[in-house]
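Protein chains: 2
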Amino acid sequence: VGSRAEAEQTVEDITIEQTIEFPPDLVSDSEIRDRLTGRPESLQEVRPNLHQAVISFAVEVAGVEFTQLLNVAFGNISLKRSIRLVRLDLSDGVLRSFRGPRFGRRGLRSLVEAPTGPLYAAALKPLGLSPRQIAELAYRFAMEGIHLIKDDHGLADQPFCRFDERVSLAAEAVRRANGETGRKCLYVPNVTAPLSELRRRTRFAVSAGAGGLLIAPGLVGFDAMREIADDDSVALPILCHPAFLGTFVINADQGLSQFALFGQIPRLAGADACIFPHYGGRFPISPGECKDLAEGTAVPMAHLRPIFPVPAGGMRKERVPEIVDFYGSEVILLIGADLQRCGEKRS
Amino acid sequence: VGSRAEAEQTVEDITIEQTIEFPPDLVSDSEIRDRLTGRPESLQEVRPNLHQAVISFAVEVAGVEFTQLLNVAFGNISLKRSIRLVRLDLSDGVLRSFRGPRFGRRGLRSLVEAPTGPLYAAALKPLGLSPRQIAELAYRFAMEGIHLIKDDHGLADQPFCRFDERVSLAAEAVRRANGETGRKCLYVPNVTAPLSELRRRTRFAVSAGAGGLLIAPGLVGFDAMREIADDDSVALPILCHPAFLGTFVINADQGLSQFALFGQIPRLAGADACIFPHYGGRFPISPGECKDLAEGTAVPMAHLRPIFPVPAGGMRKERVPEIVDFYGSEVILLIGADLQRCGEKRS
Numbered sequence: 001v002g003s004r005a006e007a008e009q010t011v012e013d014i015t016i017e018q019t020i021e022f023p024p025d026l027v028s029d030s031e032i033r034d035r036l037t038g039r040p041e042s043l044q045e046v047r048p049n050l051h052q053a054v055i056s057f058a059v060e061v062a063g064v065e066f067t068q069l070l071n072v073a074f075g076n077i078s079l080k081r082s083i084r085l086v087r088l089d090l091s092d093g094v095l096r097s098f099r100g101p102r103f104g105r106r107g108l109r110s111l112v113e114a115p116t117g118p119l120y121a122a123a124l125k126p127l128g129l130s131p132r133q134i135a136e137l138a139y140r141f142a143m144e145g146i147h148l149i150k151d152d153h154g155l156a157d158q159p160f161c162r163f164d165e166r167v168s169l170a171a172e173a174v175r176r177a178n179g180e181t182g183r184k185c186l187y188v189p190n191v192t193a194p195l196s197e198l199r200r201r202t203r204f205a206v207s208a209g210a211g212g213l214l215i216a217p218g219l220v221g222f223d224a225m226r227e228i229a230d231d232d233s234v235a236l237p238i239l240c241h242p243a244f245l246g247t248f249v250i251n252a253d254q255g256l257s258q259f260a261l262f263g264q265i266p267r268l269a270g271a272d273a274c275i276f277p278h279y280g281g282r283f284p285i286s287p288g289e290c291k292d293l294a295e296g297t298a299v300p301m302a303h304l305r306p307i308f309p310v311p312a313g314g315m316r317k318e319r320v321p322e323i324v325d326f327y328g329s330e331v332i333l334l335i336g337a338d339l340q341r342c343g344e345k346r347s
Numbered sequence: 001v002g003s004r005a006e007a008e009q010t011v012e013d014i015t016i017e018q019t020i021e022f023p024p025d026l027v028s029d030s031e032i033r034d035r036l037t038g039r040p041e042s043l044q045e046v047r048p049n050l051h052q053a054v055i056s057f058a059v060e061v062a063g064v065e066f067t068q069l070l071n072v073a074f075g076n077i078s079l080k081r082s083i084r085l086v087r088l089d090l091s092d093g094v095l096r097s098f099r100g101p102r103f104g105r106r107g108l109r110s111l112v113e114a115p116t117g118p119l120y121a122a123a124l125k126p127l128g129l130s131p132r133q134i135a136e137l138a139y140r141f142a143m144e145g146i147h148l149i150k151d152d153h154g155l156a157d158q159p160f161c162r163f164d165e166r167v168s169l170a171a172e173a174v175r176r177a178n179g180e181t182g183r184k185c186l187y188v189p190n191v192t193a194p195l196s197e198l199r200r201r202t203r204f205a206v207s208a209g210a211g212g213l214l215i216a217p218g219l220v221g222f223d224a225m226r227e228i229a230d231d232d233s234v235a236l237p238i239l240c241h242p243a244f245l246g247t248f249v250i251n252a253d254q255g256l257s258q259f260a261l262f263g264q265i266p267r268l269a270g271a272d273a274c275i276f277p278h279y280g281g282r283f284p285i286s287p288g289e290c291k292d293l294a295e296g297t298a299v300p301m302a303h304l305r306p307i308f309p310v311p312a313g314g315m316r317k318e319r320v321p322e323i324v325d326f327y328g329s330e331v332i333l334l335i336g337a338d339l340q341r342c343g344e345k346r347s
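Read top to bottom, the protein sequences are chains A and B. Quick note on numbering: the numbering used here labels position 234 of the first sequence as 234, and the sequence is numbered without any gaps. Quick note on numbering: the numbering used here labels position 256 of the second sequence as 256, and the sequence is numbered without any gaps.
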């Protein structure tokens, strides 16, 4: 953001701030300066006073570690104004160090035996229901033909709804419904928790027969999500929740793009689907930003599978045709409270 | 941000979005609605169109888990505009579930045997130096009387500067200098890494005789920092680095305050000192924000010790008196490249 000269200065700042972080005149070793600082590739004015730059960084600086990759991409410059990370273009060599989504769109479709068409997800709400009530609701959703039934992300291990009891009962309820319908609905408990509990709850969910895991990387870190996604003893699809991450995307000229934060980075972290607010619901997001995000879930990234965008946040059932029209059929529709509104009307 | 009526609406949104996340009219159980939704306590206009609200949440919702506490404090509302989390007021019951900083200001002072006055820290830069060069620089800083010598946060485990070799040599160099000076300078390697490596490098650093650990919670998650800080087999002071967290603080009407993000939350996560950009350096931050941040490092929080603010980001040596005047003597001054500038002039 700013004039051409300001943009050029910003680009130079970024090449140094994200790498050697040192006044270039003090670096006597010219090899360090030339090889390790970022390299400006191009600079285009996309709107008056808004420039888009391509900057490349040496693999030996960013390395093959997820944390250092994020650090070089947006570590210190997160502290500066008017800089937005729009997209990551990673070399095949870097991408090879990531396993990526275990299931992706196609794998998730085969788990729920729905080869075409949009998938449907529902949330177990409101917070305050007992494990038994949660299980009843899960059973009802599964009987209705929902593909994925997820815990509300606010369900942790509260005294009124303990994790172990909830997950046992809800997994059992969905299994029972699947037995009756012959379908393959997945129950997706929220395992977001302090790290030791994140691992314990993940193991518990696996043994209780959960069909997937809900994780909020804004609360546990993207690498903790990656570690669970990569774990062969877990091997469940991962649903990414955006809690605590919103600030990164909310101002269009700062932070990270939806494309990067909810498309590319969750794929690096092994998520198979990413929840985000759809426009026209409770959250401020534009149609263009939603499109951008959906593109990030499928942009070619070597062997990293495309994942599902999961628009959510105050969706009403009557908007389903419009949403499918907008995203196409490669989408999971997360309809929360409104499903219960309809359910209540019918009963 | 907005009119009084808008502010009231926002407060109501927050009380629901962060808890039951459900249209209140669909919650038939009035006990859930009344007990679990957030409670507006007060609403004050602090400037025209800027309101400050106090909202309280039930302990049974936010619980005693760090991740869920952050989720209730700022999870979904991070996705909404014009809401800023200014401060956390946690009950003693909640605070009791956190160990907090192991050393804090007083503990860190006794480690470096400097009971009064500002402490000095230096960064090992630029990226690109070999382990041997890093160790030489560390030795020089230690001989000069610096109290804490930290890795640059961009130093991970790159091919040109492997972690194990760097940490062994730098720890040894600082030990040697301490033997000559009789002082207790601490070498603080950067252990920020994917989780399994974060743990391995932490153990390696402990066994190599490091004096502290540098961790960027924006890259590894605040709970990963807490886990290491709480680990009695580590028991080293923790220096918090702000990489990837800047977006949260950069707009004054959104995200989190410096007070909360760089003061209160690192204390919950067990950090003993928190690095942030001082005003007038390379990063945009105002004197008022710096003051706010420093207050967050010491505001009473039950048994949680006050920690050091560590202003940094392009500091020059000649600003030392001004900075000490601004923060008082309870501060660690991190002077990066400029120390080398002076060093070079002297040699």
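Simulated from the structure, these hints should not be mistaken for laboratory data. Certain hints may be false.
[Said to hold, decoys possible] Dumping the calculated DSS-like pairs for lysine-lysine here, alpha-carbon to alpha-carbon at most 27 Å:
(1) B:Lys80 <-> B:Lys184
(2) A:Lys80 <-> B:Lys80
(3) B:Lys317 <-> B:Lys291
(4) A:Lys184 <-> A:Lys317
(5) A:Lys317 <-> B:Lys291
(6) B:Lys291 <-> A:Lys80
(7) B:Lys184 <-> A:Lys80
(8) A:Lys291 <-> B:Lys80
Hints and how they fare:
As the CA atoms of Lys80 (chain B) and Lys184 (chain B) are separated by approximately 48 Å, the hinted pair breaks the 27 Å bound. Taken as a hint, the Lys80 (chain A) and Lys80 (chain B) pair is honoured in the structure, with Cα atoms around 21 Å apart against an allowance of 27 Å. The hinted pair formed by Lys317 (chain B) and Lys291 (chain B) meets the criterion: a straight-line CA distance of about 20 Å does not exceed 27 Å. For the hint linking Lys184 (chain A) to Lys317 (chain A), the alpha-carbon distance of about 22 Å falls within 27 Å, and the restraint holds.
Distance check on the hinted pair: Lys317 (chain A) and Lys291 (chain B) sit about 49 Å apart at the alpha-carbon level, beyond 27 Å; violated. As the CA atoms of Lys291 (chain B) and Lys80 (chain A) are separated by approximately 19 Å, the hinted pair is consistent with the 27 Å bound. Taken as a hint, the Lys184 (chain B) and Lys80 (chain A) pair is broken in the structure, with Cα atoms around 35 Å apart against an allowance of 27 Å. Restraint check for Lys291 (chain A) and Lys80 (chain B): satisfied, since their Cα atoms lie roughly 19 Å apart, inside the 27 Å limit.
Figure legend: structure checked against the earlier numbered hints; hints not met, in rising order: 1, 5 and 7.
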